[in-house]
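As they're listed, the protein sequences go chains S and C. Residue numbers for the first sequence follow our numbering, beginning at -19 and rising by one. Residue numbers for the second sequence follow our numbering, beginning at 789 and rising by one.
Bear in mind the hints are in silico, worked out from the structure with no lab data behind them. Cβ coordinates follow ideal geometry from the N, Cα and C atoms, glycine included. Mixed in with the good hints, there may be bad ones.
Stated by the list, open to error - Partial pick of chain C residues on the chain S-facing surface, computed with a CB cut under 10 Å:
1. 812
2. 813
3. 919
4. 979
5. 983
6. 985
7. 986
8. 987
9. 1028
10. 1031
11. 1033
12. 1035
13. 1039
14. 1041
15. 1042
16. 1049
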Amino acid sequence: MSPLELVGSLGIVGYGLGALGPGIGVGLIFASVIQGTARQPEARGAMMGTAWIGFAVTEALAIIGIALAFVFGGL
Amino acid sequence: MTGVFGLIPLETGESGEEGFQAPGVSSFDLPPLFEGGPEWFDKYALMAIVSVILVLAFWLVMARKNSLVPSKGQFIGETAYFFIRNGIARDMIGHDFRKYLPLLIALFSFILVNNLWGIFPLTLLPTASHVGWAYGLALLVWVVYNGVGIDKHGPFGYLKHTVLPSGVPWFMWPIIIPLEFFSNIIVRPVTLSLRLFANMFAGHLLVLVFVLGGEYLLLHTDSIVNKLAGVVAWIVSMAIFGLEVFVQTLQAFIFTVLTANYISSAAAEEH
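Isolated chain S (complex conformation) (with noise of 0.2 Å):
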């Protein structure tokens, strides 16, 4: 009986595992966004602005999720 062997990158894997995080944070910002824009439409602009901030610092750990995959043994 021979061994099973699995072949692949475990980086990927590794991404595909943290980017859980990153996609429901991003969810939740734009979510109150949303929601802060529809009981105040007045304050979007304010609004908007820190959702970006937010958005780019979120994402952050997704992309350093891609990029370290493909460094530490991808394709």
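Following the hints, position chain C against chain S.
The following block gives chain C in isolation, referenced to the frame of chain S:
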């Protein structure tokens, strides 16, 4: 008969063999620009030097022509200047923001131009996709915000100010102090540099995958379905370029905003 309409699985070959050579980290290692030149002077160094010349020329020209009723060029420069001055520096740092305004303007301009090399037709490579450039910028920011804090509070006062937020009960100190030290002094420059590098690297890699994959599908395979997929890949790569413009501008803005935030939190007064 399987040739024309079947989907031939793509053999991903290693370099030197037949098959698709996927772009990877090795696509970012560039040779020195001139044959006999120094090894560090590759395309990245040339792009950085040209970007410094461009940024200097822009802001020097902006500082000189000052009429009360602005012309179009002066309006563009003033918009950029006030965007950083009001939106980032004054809002985040507070009342003595003028000391740090030149650094923030220089950082934003330099990073923006270097990121936009990624969509400029002659270069098509963002400088920060080579990680050393991101490390250097983050090291500069780390030295600046720690220096500001030490200058304002003294070395031990700054350490205490950074590591111990006000209002923490004494039994939480063994947890809070290592965590805050690690987060404020070690993790901040790492995430700052990695955020810039990873965004530029991943974005450029995405463009490479679509363009090189489309080229392989279109020109090196035989089935018609693969060729159509290659054309679609090329069309979608245009959309990816558009996304890259947005990401590059956003990352330059975020780097500057976070620098201002770190400076303001280091120089903050005790409540």
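Structure-inconsistent hints, enumerated in ascending order
9, 10, 11
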